[in-house]
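Protein chains: 2
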Amino acid sequence: MPATTNLPSMISDYRCFSCFANAFVKLVEKQGLNLDEKNAFIRKMAVLYSQYNGDFSAPVFSGELHTLLKQYTKNPDIYKEAKKQCNDTALQLYPGLKKIVLESANPFETALRLAIAGNIMDFGASPDFDIQATIDHVLKSDFAINHSARLKQSLLKAKTVLYLGDNAGEIVFDKLLIETLMHPGLVYAVRGVPVINDATLEDAHYVGIDTVADVISNGHYAPSTILEYCSPEFLAVYQKADVIISKGQGNLEGLFGKNTGKETFFLLMVKCAVVADALKVKKGGFVVVAG
Amino acid sequence: MPATTNLPSMISDYRCFSCFANAFVKLVEKQGLNLDEKNAFIRKMAVLYSQYNGDFSAPVFSGELHTLLKQYTKNPDIYKEAKKQCNDTALQLYPGLKKIVLESANPFETALRLAIAGNIMDFGASPDFDIQATIDHVLKSDFAINHSARLKQSLLKAKTVLYLGDNAGEIVFDKLLIETLMHPGLVYAVRGVPVINDATLEDAHYVGIDTVADVISNGHYAPSTILEYCSPEFLAVYQKADVIISKGQGNLEGLFGKNTGKETFFLLMVKCAVVADALKVKKGGFVVVAG
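If you read the sequences in order, they're chains A and B.
Numbering of the first sequence is given in this note's numbering, commencing with residue 258 and proceeding in unit increments.
Numbering of the second sequence is given in this note's numbering, commencing with residue 258 and proceeding in unit increments.
Incorrect hints may have been included.
Since the list gives no way to pick one copy over another, a pair counts as held whenever it fits inside one copy or between any two copies.
As the list claims (entries may be wrong) - The list that follows gives simulated cross-link-like pairs (lysine-lysine, DSS-like), each with its CA atoms no further than 30 Å apart:
id, residue 1, residue 2
1, Lys287, Lys331
2, Lys537, Lys301
3, Lys283, Lys295
4, Lys409, Lys327
5, Lys540, Lys397
6, Lys301, Lys283
Keep in mind that the hints were calculated from the coordinates and are not lab data.
Computed from a predicted model, the values in this text were never measured in an experiment.
Let the hints inform the model, and build the full structure from the sequences given.
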């Protein structure tokens with residue numbers, strides 16, 4: 258039976274658009290396009306946005322824009338180097354974090370907190386983040402919403418757990434949580450193709466998450482989990498899963514309030530006012546919310 | 258004969274769009290619209306932008322958006338109170354500034370500098386400005402481009418001068434410069450209707466600029482001077498003028514590089530990267546440029 262909350266089902270709104278406009282104006286500046294191409298890209302962005310009519314979805318739009326950017330730049334993975342840096346940074350932190358978890362009075366809670374700290378490594382929100390400061394902060398902060406006790410109970414009963422990954426780098430923190438959970442039926446899902454610095458199968462293998470969980474692709478190009486676009490392979494696992502662990506804003510925006518019938522726990526750092534308003538928390542807050 | 262520069266004729270580009278998106282997302286938030294109206298407004302903004310095809314003009318777009326906002330808010334002048342505050346602030350500063358000019362070794366240059374300082378009072382760029390800090394700064398700064406000696410010479414020869422005003426508040430600084438110029442054939446032009454905090458006939462009368470110059474409206478709703486849309490009355494004065502003094506980014510964007518055949522001096526504070534790049538100066542720079 259899914260946990261329930263009194264939260265709105267729609268998250269994306271008009272405010273997302275200025276965020277996209279800022280992000281993509283900055284992005285196209287860095288890609289070696291000429292002025293005509295930059296002008297044309299941003300105009301095309303407006304065309305795509307104008308085609309939504311009451312059905313605007315930030316992660317769908319993001320997927321469309323990044324697909325368009327790949328066409329303009331002729332580069333299928335502009336974040337390739339950034340993802341490697343995120344993974345390497347997190348892998349360097351991993352031994353110290355593992356020690357913190359093992360020496361913790363409550364390894365589950367500590368690993369859960371660290372997994373949420375890892376969610377700061379999100380180029381879709383901002384390429385400027387301080388992972389160490391976020392780790393320090395997450396370990397001593399009150400969570401804005403904390404349904405972690407319910408998550409722990411649900412995991413004890415679940416035969417199959419589907420863990421929806423988010424970003425490169427962050428997946429190292431996810432690996433640490435998965436090692437701590439020691440759940441025998443856990444499947445870890447990544448994006449179908451490179452989009453922003455979201456983790457793909459390549460990243461999962463690079464950080465060795467395949468040594469602690471079965472790893473699958475969701476088969477889609479959006480920086481999210483949008484069920485109607487995911488692959489049959491992914492959907493088969495999704496349907497079988499007793500509990501869904503959903504990392505990050507992108508997955509939240511795709512799944513939250515969609516009446517999926519699945520008990521889903523959203524683990525994230527709240528990075529924008531739109532998601533903050535939807536969850537009725539402050540921007541910057543750490544959240545474990547059953548939805 | 259117009260003064261010449263080696264500067265580009267097009268100023269607006271794709272970067273303007275994120276600036277508009279930010280400004281109008283913030284604006285619609287403050288207008289008491291419901292969520293559907295806010296979503297619809299921002300979608301309509303994208304529709305309008307998408308209709309430009311290589312002919313994007315920031316001031317034309319701005320005029321369209323502010324006209325649209327008036328329709329949504331049913332308020333023809335959302336900046337009415339802000340304009341009064343700008344005018345009152347500047348009128349309070351006026352006696353002290355007049356004293357500075359009168360006691361200055363070079364009243365023309367001092368009044369010119371102060372007129373450019375007044376250009377900071379621009380809600381189109383930012384509603385958060387520090388006029389006193391800008392005054393202090395402008396009086397002791399090197400100008401990024403300084404064609405003021407040429408301006409002074411041209412004014413001596415000109416029978417008719419058309420001074421294109423920009424913002425409420427700023428027009429008090431313009432009044433001080435006009436009093437200092439003491440040119441017998443000076444006409445001061447304002448916007449045709451309220452748009453942002455740009456000065457209208459009402460503002461001109463409020464600060465008494467009609468006591469030192471003939472005041473006319475340009476007859477159009479854009480926060481700029483776009484000759485193809487200006488009124489016959491305005492164009493008659495424009496055609497007769499020997500020298501044009503153009504205040505601010507909006508007028509620059511409308512007139513710069515347009516081969517008008519008129520000797521035009523653009524006086525402004527550079528408030529964005531797009532105009533900075535076009536003028537090959539840094540953002541924040543003070544400019545008197547013949548174009």
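Checklist entry - Hint by hint, which ones does the structure fall short of? => result 4
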